[in-house]
Amino acid sequence: MTTFFEARQLVSPGTLLAEGNYQAGFNVYRENGKYYASMVGLADVRNNMISVIPLRGCYIPQPGDIVIGKVVECISTAWMLDIRSPYQGVLFASEFLSKPLNPLKEEARRYLDVGEMVIATVIAFDRTRNPSLTARDHGLGKVHRGTVIDVDFTRVPRIIGKKGSMITMLKKETGAQILVGQNGRVWISGKSRDEEAIIAEAIRKIEAEAHTTGLTDRIREFLVNSRR
Amino acid sequence: MSQRIVPTVKKRQIIELADSGKRMDGRTLTDYREIKIQTGIVDKAEGSAMVSIGGTKVVAGVKFEIGDPFPDIPNEGVMQVGAEFVPFASPDFEPGKPDEVAVELARVVDRGLRESKILETSKLCLIPGKKVWIVHVDVYILDHCGNLIDTAALAALSAMLTATMPEAAVEGENIRLTGNRLPMPITGIPINVTLAKIGNRLFVDPSLEEEEVLDCRFSVAFKENGMLCAIQKGESGYFTPEEILRAVEIAKDKSQEIRKKVVELLKLNDGAVGGS
Amino acid sequence: MEELKTRLISDDGIRCDGRRLDEIRPIKFQIGVLNNTDGSAYVEWGRTKILVGVMGPRESHPKHLALSDKARVEAYYRMASFSVEEWKSPAPSRREVELSKVIREALEPAIFVELFPRTSIDIFIEVLQADGSTRCASISAASLALVDAGIPMRDLVASIAVGKVEGKLVLDVQDKEDKAGDSDMPMAYMPSKNAVTLLQMDGQITHDEFIQSMELLKKGCLEVYKKQKEAIEAHFKGAISNVEEA
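Each protein sequence line maps, in turn, to chains A, B and C. Start counting the first sequence at 9; every next residue gets the next number (this note's numbering). Start counting the second sequence at 2; every next residue gets the next number (this note's numbering). Start counting the third sequence at 2; every next residue gets the next number (this note's numbering).
It is worth saying that the hints were derived from the structure and are not from the lab. Hints may be right or wrong, so weigh each one.
DSSO-like cross-link-like pairs, simulated, lysine-lysine; straight-line CA separation at most 30 Å [stated by the list, open to error]: (1) B:Lys23 x B:Lys261; (2) C:Lys89 x B:Lys64; (3) A:Lys113 x A:Lys150; (4) A:Lys213 x A:Lys171; (5) B:Lys262 x B:Lys124; (6) C:Lys219 x C:Lys180; (7) A:Lys78 x C:Lys89; (8) B:Lys37 x B:Lys23; (9) C:Lys220 x C:Lys29; (10) A:Lys199 x A:Lys180; (11) A:Lys42 x C:Lys71; (12) C:Lys180 x B:Lys253; (13) B:Lys132 x C:Lys29; (14) A:Lys199 x A:Lys179; (15) A:Lys171 x C:Lys238; (16) C:Lys194 x C:Lys228; (17) A:Lys213 x C:Lys238; (18) C:Lys228 x C:Lys177; (19) C:Lys169 x B:Lys118; (20) C:Lys64 x B:Lys131; (21) C:Lys194 x B:Lys23; (22) B:Lys11 x B:Lys58; (23) C:Lys180 x A:Lys42; (24) B:Lys253 x C:Lys194.
One side only, chain C facing chain A, incomplete, derived with CB under 10 Å [claimed, not checked]: (25) Val34; (26) Gly40; (27) Lys50; (28) Leu52; (29) Ala111; (30) Phe113; (31) Pro118; (32) Gly151; (33) Asp156; (34) Leu157; (35) Ala181; (36) Lys238.
Label-pair ranges, simulated between beta-carbon atoms [stated by the list, open to error]: (37) C:Phe83 x B:Gly180: 44 to 50 Å; (38) B:Gly200 x A:Thr85: 17 to 23 Å; (39) C:Asp18 x B:Gly130: 28 to 34 Å; (40) B:Gly227 x C:Leu66: 25 to 31 Å.
Don't be surprised by glycine CBs; every beta carbon is placed ideally from N, CA and C.
Only chain A is shown next, with the shape it has when bound in the complex (with noise of 0.2 Å):
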């Protein structure tokens, strides 16, 4: 049992990580027992489990994840959402509408049009078919008021922080509503447009700064200094 880095270390595909009995965790491959790296990022190994924290890639559906999609596509009876995936969501009418949709009498994009933002959650994926979702839950659906920022995806954790803590302290300081989508897409509605520009600002700059430390701090002061 050995490992050949250290904490946080970059490693890129190909690296090897690990001889012996560990397991395999993201963007970790075993082969003949050893374990390489399939993906540029930093190494890391919690519980006997070799993982690597991803500094590039796309985001890849998990059942429960909240997502933010865009309508690109209205069907019949449902409606085609780029989520930022190399895989478009599927939201069925039974999934976003309380009543059920008769396509021969109504239109479905009289509810939802191409280029509309709905805030969903990911309900089942497994590659072979595209994801599908719901928008029934509370908190869930079209998105009338605020904006949308696209963030890099592997930034997301950063965003949310341990156990939330940045996104409460976002929160907090402005008074704002704040959703961050696993997929890349944060949904920001606060007191006025000037308010929600800072906020995107801030967001930018945990993007840009997300592997440093002291960064919830930096960021309050940002925050307060931007809105003296």
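Got chain A sorted already, so can you dock chains B and C onto it with the hints?
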């Protein structure tokens, strides 16, 4: 080409059978299927050959045309190899422009012939810097049962070896065809050998069902003096360097065996191997 | 004629550009150079200059080309019309079609394609200036562009060519040596898998020279591999630490 779905049991079967040195069609791992060569089958071509390896059938024709030389080699004739996939040869072939598979095939066959320098292109010059013979060597895939590269290479070679060239009388800027035939300025018999890697074994002359499950293939051409003159690794798997060294060893032996056969078969047909 | 031909290798084994027989040219990789791709890389390899952009994994278009069990990888190797001595038609030649195929086949074994069924990964390669070994430079730069796109891979693919010039084997063939030489043999290699993913040869070499070439190619690929790792280090280390230093 459309996606081909091969049952996984087939691959397992082929690999496990190979453990005891056997193949689905009864061959050993280093056997070729039966090779047949018929030459002179198209009168209108200056040279032609129908070659089959097992069920794979390829016809090749050689045509001469007067044309312009390449600017960087103004006093040399030009050889051009083309490959056509006839749609009836396989349900996977689609009519239309040659796709990348056909382009690769033509270029691999071309390389084997060109790099072995069997054709003396300097003897194909008519008016230096202005007019030269262009030799078109076109292979048509008629029936695809695996190992197109070796079959096509052998067809092209056989057609070239048995071709004759038209005699031309040059008077100033005028070129007149005398109607006589001259031997091709050609010497040598480069042989291409292809192996497939399936699991971690090498299969000489892969059949279609072996090709459907192969990880990758390796083709190498040998001259009669043992020189290597062209290599192509194909498909999206990989070889270890050790496997490649072994493949070259095997191919060297097989190339000698096939060359003997070519000499024998072409003599049987018309008694001529190459020009002068 | 023979006397007038300039020699490409001196008596003490120095090549026309000052390199030793087994010395590679200066190679400089840069990662993340384009804005509209998912990943990109640029390489200057001697005088050869190549830009690579990767798009994907993304939904396959047209849809009927999608593969149900893995991602469809396509490579498009193209030479700019001004990249060579004489103007070249921008329409893809047979050479470009074949090279696109073998480049794709050199890179695909590195990619975990099975993780992205029904998607496409497109690798666009534009040769801006060609001075030999463009397929090797393309493959080496493309694997960095794939890393930049965050596509899961088994290893980086490093590539280099060995040629036979004036009877001697030389590593990393440049255009002049390729044109005058007796053979050219490019290889692509994944060092940590001991996997050869591309091997081609044209020209004439003996069996012994072939065996020596394989050794030389392995050594060359390892040197390219090291440069690739350095480029990754330089690009991503910067992204992590730039703030703390500021």
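Hints, verified against the model:
no.	hint	in the structure
1	B:Lys23 x B:Lys261	holds, 25 Å
2	C:Lys89 x B:Lys64	holds, 28 Å
3	A:Lys113 x A:Lys150	holds, 22 Å
4	A:Lys213 x A:Lys171	holds, 20 Å
5	B:Lys262 x B:Lys124	holds, 28 Å
6	C:Lys219 x C:Lys180	holds, 23 Å
7	A:Lys78 x C:Lys89	violated, 43 Å
8	B:Lys37 x B:Lys23	holds, 23 Å
9	C:Lys220 x C:Lys29	holds, 18 Å
10	A:Lys199 x A:Lys180	holds, 13 Å
11	A:Lys42 x C:Lys71	holds, 24 Å
12	C:Lys180 x B:Lys253	holds, 27 Å
13	B:Lys132 x C:Lys29	violated, 45 Å
14	A:Lys199 x A:Lys179	holds, 12 Å
15	A:Lys171 x C:Lys238	holds, 27 Å
16	C:Lys194 x C:Lys228	holds, 18 Å
17	A:Lys213 x C:Lys238	holds, 18 Å
18	C:Lys228 x C:Lys177	holds, 24 Å
19	C:Lys169 x B:Lys118	holds, 20 Å
20	C:Lys64 x B:Lys131	violated, 50 Å
21	C:Lys194 x B:Lys23	holds, 29 Å
22	B:Lys11 x B:Lys58	holds, 24 Å
23	C:Lys180 x A:Lys42	violated, 44 Å
24	B:Lys253 x C:Lys194	holds, 27 Å
25	Val34	violated, 14 Å
26	Gly40	holds, 7 Å
27	Lys50	violated, 24 Å
28	Leu52	violated, 19 Å
29	Ala111	holds, 7 Å
30	Phe113	holds, 6 Å
31	Pro118	holds, 6 Å
32	Gly151	holds, 3 Å
33	Asp156	holds, 3 Å
34	Leu157	holds, 6 Å
35	Ala181	violated, 36 Å
36	Lys238	holds, 6 Å
37	C:Phe83 x B:Gly180: 44 to 50 Å	holds, 47 Å
38	B:Gly200 x A:Thr85: 17 to 23 Å	violated, 48 Å
39	C:Asp18 x B:Gly130: 28 to 34 Å	holds, 32 Å
40	B:Gly227 x C:Leu66: 25 to 31 Å	violated, 44 Å
The structure does not agree with the numbered hints 7, 13, 20, 23, 25, 27, 28, 35, 38, 40 stated previously, though it agrees with the rest.
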